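Protein sequences appear in the order of chains R, S and P.
Under our numbering, the residues of the first sequence are numbered 28 to 379, in order.
Under our numbering, the residues of the second sequence are numbered 9 to 302, in order.
Under our numbering, the residues of the third sequence are numbered 102 to 363, in order.
Read the hints as simulated data drawn from the structure, not as lab findings.
Keep in mind the model is a prediction, meaning the values are calculated, not measured.
For glycine and all other residues, C-beta sits at the position ideal for the given N, C-alpha and C.
Keep in mind that a hint or two might mislead.
[Stated by the list, open to error] Computed from the model, here is a short list of chain S residues facing chain R with C-beta under 8 Å:
1) Trp28
2) Glu191
3) Arg194
4) Ser203
5) Leu204
6) Gly205
7) Ala206
8) Ala209
9) Gln210
10) Val215
11) Pro218
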Amino acid sequence: MSFLDIRHLQKSFGAHRVVKDFTLGIDKGEFVSFLGPSGCGKTTVLRMVGGFEAPTSGAVSIDGRDVTALPANRRKIGMVFQSYALFPNLTVAENVGFGLKVAGQGKAEIARRVAEMLELIGLPQLGSRYPFQLSGGQQQRVALARALAPRPEVLLLDEPLSALDAKIRVSLRDEIRRIQRDLGITTIFVTHDQEEALSMSDRVVVMHQGVADQIGTPFEIYNRPATRFVAEFVGTLNLIDADLVDAAAGHIRLAGVPVTLDRASPGRAGERISLALRPETVTLGRGGGDIVLPGRIAEVHFLGPVIRVRVSVEGGGSIALDTFNQADRLPPLIGAPVDISMSHRDLLVLAA
Amino acid sequence: MTTITLSLPSARQPRQVLSWFGVAPFFLFALLFLILPTLNIVVGAFRNPQGQVTLENLGKLLSPSILSAFWISIELSLLTAVLGCLFGFLIAAAITLGGLPRPLRNAILTFSGVASNFAGVPLAFAFIATLGRLGFVTMLLRHWFGINLYGSGFNVVSFLGLALTYLYFQIPLMVLIITPALEGLRREWREAAESLGASGAQYWRMVALPVLWPSLLGTLALLFANAFGAVATAIALTGSSLSIAPIVLFAQIRGDVLNDPHLGYAIAFAMIVLTAIANCIYILLRMRAERWLK
Amino acid sequence: MTGRQLWSWLAVALGGLYFLLPLVGMFDFSMRMQRGVYSFQAYRVVLADPQFQQTFGYSVALALLTIILGILLVVPTAYFVRLRFPGLRPAIEFITLLPLVIPPIVIVFGYIRIYNTSSVLPLTGSWWGTNILLLCGYAVLSLPYMYRSVDTGLRTIDIASLTEAAQSLGAGWARILAVVILPNVFVSVLSGAFLTFAIVIGEYVFAALLNVNSFGPYMVWMGGNRAYEPSALAVVAFAITWACMGLIQLFTRFSKFSTARR
Ligand SMILES: Nc1ncnc2c1ncn2[C@@H]1O[C@H](COP(=O)(O)OP(=O)(O)OP(=O)(O)O)[C@@H](O)[C@H]1O
Ligand SMILES: [Mg+2]
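Bound-form chain R, shown alone (with noise of 0.2 Å):
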């Protein structure tokens, strides 16, 4: 059994059922996400983890301990708010010192713990500031420390960086997690922002209406989507129509090329089938791999780092790819004639 175990978790608003079956279970110390879009139901779980929403049905359990029936202030479990939450009328020490004078500390003790957390966040002088007189990227920092000072066994993180702004939410995510590492902490981060997800986590939870789609590892997630939602979500993605030739042995007709596939294929023999391709494994000109499809320049997207060029293939269809960007070269030019090429192994055959 898992450290943080939620199995069969079930909630309704009324008539509207905002998560279905989800189950999960979470190793001491782990770093999960949960992704996906708004209104999936992710914040619904995460409150009914952290026993601030009543479950219709299902169960948590805390390190073998059955939590389901137990009050959010008795479950030992630190929460971060997008909005921070923040007492507005406690100086930041006081707040980071919150859950520790409830539980009945003594003043040294809680000036103590107080001051390590704050050198844990890199904010150790502004303990007497108030919440109003810290930028927003310090106020989710002391957000944090409050969380963490009384030592909670689990840290649920709702959607922590997406009031900042897009500097100061990358050099917190890897706060995050350095703290999250140090510590050893449980850990749950609600998200919907995939490259967070991606970046930051042991394993990801992609969320779609209220279900778990996918579990696992960012790299399963990101080079094995199970569905088409997680596919279409996570990441920019080509879909190309093929024509199935024999289901069983995999073969099938890509704009009319032949490919052979490394697993068989699901549906009979003449069905059109969607096949998922990532844009970074097709490769500008021949030597990409063992399928080559001939086409024209359609568009050239310039990224910066990398050039994002759409090919219309003659067989029908258009491909977008990544290439990098190099100085020295000029970007390809729109109209003019290119041959694609890919590896077999890198096309996804997607549930429909």
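Following the hints, put chains S and P with the ligands in place on chain R, whose structure we already have.
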């Protein structure tokens, strides 16, 4: 707190003089009909009829009858302000945090708007019709429960009756003012406190009440002034059988304007001072409570 | 959760009892003029009383004039302070709060001392003067409410842009205020106006001390001399207050609707 920002006239809008004409009437009006009359009273309180500076008028305030009138007024205002705050707070908390249906909240807010303005003469009539000797509740208690309200010493024309009547506009005023403040308490604060192990009481003591403190104090001062200056309700309810400060002043103005206007000045001055003190206490406490807002 | 709900219902129920009983009592009493039967007799008597008609009409007229005076004073001021003199804000806020702090009876006492027959401006000496004084007094009483609602209204619109747009089309100040600003804060002005109406219509102290026979003193006189009519009057006054507040709600809702559609 307010900060003073001076805006320089922008070059694009040269007709600055004209906009002074826009605000001048207001200031002239305020001067003539608010500031000067008040100042006149303040100055008058320190002058004798011959125009010499004196403390004699204020000394007359210390006569037992006037002193007791002020004392009753202060008690009445303080009591109804505190009770108004308390009950108003409970009702506001019930409709904001109590999980009551939304339409009920709106209905209560609308009613509070009406009730807080339903002061003065008609309100006194309503209470006489309800708690007077032949009033609705008096009769109800006698016929249905066998309780003789007036036999037990109650009288609507009394301190208690007046306090009950004042609460009718004090409570709704509190509800109107404190409801937005309660709605400004963010759900996340409560949840953050809970996740840190705080009980509901600890959350209220350490976060919610301190956050609400300035609004509570402000409303308390406002309710105090509100009750302290209420004359019409008191006169319509008690005639002049209950001697409270504004009624004494009323009688002074009516009767002795020519006799001893300077005693009137002194009473009016003392009334201003008391409401001003209430507000200064409020401002001071508020400044201390709001360190985290500056 | 259910425990909290229970307490909330209890608080609201007790509050409801306290607030509804006087209304029921007053209504009940007003219907008892004829022995043994419920009737509207008290209302009939009151409404037919020429004194009632005269004082009530007078108070309504005075309330309307107060509203007009209030708008003329407050709208330009609030507008120019927002647009041009933000530095005056604290002063204005202080002034508009004063009427809530200084008891009205003190203010009217000041009037009587300053504007009496032996002063430079003997307003209390003439019928016109007294009415003007009463009007100004009521405008002072309504200042806090008028100013607050208008200022709130101005905050929600971008007056700087509106003004510049109007100026660029060649409008002068009076026209900008009347044609551009006023319609945009109309609903806020109305809120202030209805509140003013509710306050002024039954006001007693100013009128009594300035010896004006308006609705307030009339009610007090009735209270001293009749038994059932005062309750009928109270019901009428309550209905007026209710109507004013209801209209405020109505217009506010209407404005939300119209801004949502914009
Ligand atoms: N208290 C509530 N009452 C009714 N419906 C709710 C409540 N809380 C959430 N919902 C609904 O549940 C669904 C999931 O909400 P949730 O907040 O979990 O989404 P989310 O994945 O966190 O979205 P976001 O990324 O926008 O934060 C939404 O459709 C929302 O409208
Ligand atoms: Mg959410």
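Each hint, compared with the structure:
1. Trp28: Where the cut-off is 8 Å and the nearest Cβ of chain R is about 36 Å from S:Trp28, the hint is violated.
2. Glu191: 15 Å, violated
3. Arg194: 6 Å, holds
4. Ser203: 4 Å, holds
5. Leu204: 4 Å, holds
6. Gly205: 5 Å, holds
7. Ala206: 4 Å, holds
8. Ala209: Violated. Min distance 11 Å.
9. Gln210: Status holds, d = 5 Å.
10. Val215: 5 Å, holds
11. Pro218: 4 Å, holds
Checked against the numbered hints given earlier, this structure breaks hints 1, 2 and 8; the rest are met.
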